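K.L.:
Just need the whole structure built from these sequences, with the hints factored in.
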Amino acid sequence: MRAAMAAIALLVAACSGESAAPFVVANIEVTEPMPGRGMSAGYMTLTNNTGSQITVTDVRSAEYNNVEIHRSTVEDGVARMRRVDKLEIPAGSTITLERGGLHLMLMQAEGNPDAVSLSFYDGEMLLMNVVANIVRRAD
Amino acid sequence: MGPRNFVIAFAAGIALAAGIFLALKQSAPQQLRSAFVLPAPEVLPDFALLDQAGEAFTPDSLSGQWDVVFFGFTSCPDICPVTLQKLTLARRQMQEAGIGELPRIVLVSVDPEHDTPDIIGKYVNYFGDGNVGVTGTLEETRKLAKSLYVYFEKVALEDGGYTVDHSPAVLVIDPDGRYHSGFGSSMTAEDYAYDLSILMGVY
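Chains as they are written, first to last, in my numbering: chain A, 1 to 139; chain B, 1 to 203.
These are calculated hints, taken from the structure and not from any lab test. Note that the structure is predicted; figures quoted are calculated from it, not measured. Check each hint, because a few of them may be wrong.
Unchecked claim - Chain B is nowhere near these chain A residues, computed Cβ spacing over 12 Å in every case:
| hint | residue |
| --- | --- |
| 1 | A20 |
| 2 | V25 |
| 3 | N27 |
| 4 | E32 |
| 5 | G38 |
| 6 | Y43 |
| 7 | G51 |
| 8 | V78 |
| 9 | P90 |
| 10 | L102 |
| 11 | S119 |
| 12 | V130 |
| 13 | N133 |
Stated by the list, open to error - So the derived label-pair ranges between C-beta atoms look like this:
| hint | chain 1 | residue 1 | chain 2 | residue 2 | range |
| --- | --- | --- | --- | --- | --- |
| 14 | B | E153 | A | R71 | 29 to 39 Å |
| 15 | A | E98 | B | S34 | 15 to 25 Å |
| 16 | B | G64 | A | E98 | 35 to 45 Å |
| 17 | B | T137 | A | S52 | 48 to 58 Å |
Just so you know, even glycine gets a beta-carbon here, dropped at the ideal spot from N, CA and C.
P.N.:
Below you can see the structure in the form of structure tokens.
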């Protein structure tokens, strides 16, 4: 019930067009799928304007068969990449998915899409849908 | 200010300007920002790998030009493309600075089991046609990695997948095919361009 209320609250706020939406996904940069394996990386900021924590457990995309949340680290001269179970965005905070850190790994692109849709979930509860242009390599 | 004080101040000013000029002339342009240089260049041992065309890639293949060598794999969406992108930008900045001789970018697969010559070639040529993708057997890859002090290890993940932990270093091979210098971890494109220009003696 609480989850449903939260979902409705998010939806209402998102539709109202007010600037301070409860959950804001911005500065989205999804790279062009890499030739060879059709794999992209997604970078963005996630802002929680509510008074309680927002948790993202899954991200889905129509253009990719699989999306995972990953974290790259470089420690003691070794670069590692590991899957992260969830993103926790504390009340009133912004977290950043950036190069060399937390990022989305988007796998098996369907063709070479120009835009990407991303749906953010907490379990089965849809938090947000966004669409962003895919960033082509600058020549 | 009396004439004597004026002379002293004037002389001090001259000395300061001369000092700055000498400091800039002597040290600043040659001061590496982040690269390390080997005390003496090291000859690479024999190894037999393949380039993206499926042709032999041996120590001889690294002779004749400056090479920047990075170890990565094509299932790596973040650190590997980011590093290759920075090296590509560094090359462009060097070109725009009027430097005629540019380093060649070489990507060696740490996932040779999955990265065929065709796949590694498509991946590395995404960043530029002149780049070289290298793969082969695990054993031969280890020979090259070991000679460059590069660590890599395949790691099984709980969900059944895998990843490859690897050194993010960028190694510089001189035109005699010797391990000359390198960068321990990721730098900005500007730093790569600046240091590579010094290392290649074209600054």
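K.L.:
Each hint should be assessed against the structure and marked as holding or not.
P.N.:
Hints, one by one, checked against the model:
no.: 1; hint: A20; verdict: holds (31 Å)
no.: 2; hint: V25; verdict: holds (19 Å)
no.: 3; hint: N27; verdict: holds (16 Å)
no.: 4; hint: E32; verdict: violated (8 Å)
no.: 5; hint: G38; verdict: violated (10 Å)
no.: 6; hint: Y43; verdict: violated (9 Å)
no.: 7; hint: G51; verdict: holds (33 Å)
no.: 8; hint: V78; verdict: violated (5 Å)
no.: 9; hint: P90; verdict: holds (24 Å)
no.: 10; hint: L102; verdict: violated (10 Å)
no.: 11; hint: S119; verdict: holds (19 Å)
no.: 12; hint: V130; verdict: holds (19 Å)
no.: 13; hint: N133; verdict: holds (18 Å)
no.: 14; hint: B:E153 <-> A:R71: 29 to 39 Å; verdict: violated (18 Å)
no.: 15; hint: A:E98 <-> B:S34: 15 to 25 Å; verdict: holds (20 Å)
no.: 16; hint: B:G64 <-> A:E98: 35 to 45 Å; verdict: holds (38 Å)
no.: 17; hint: B:T137 <-> A:S52: 48 to 58 Å; verdict: holds (54 Å)
Of the numbered hints listed earlier, those contradicted by the structure are 4, 5, 6, 8, 10 and 14.
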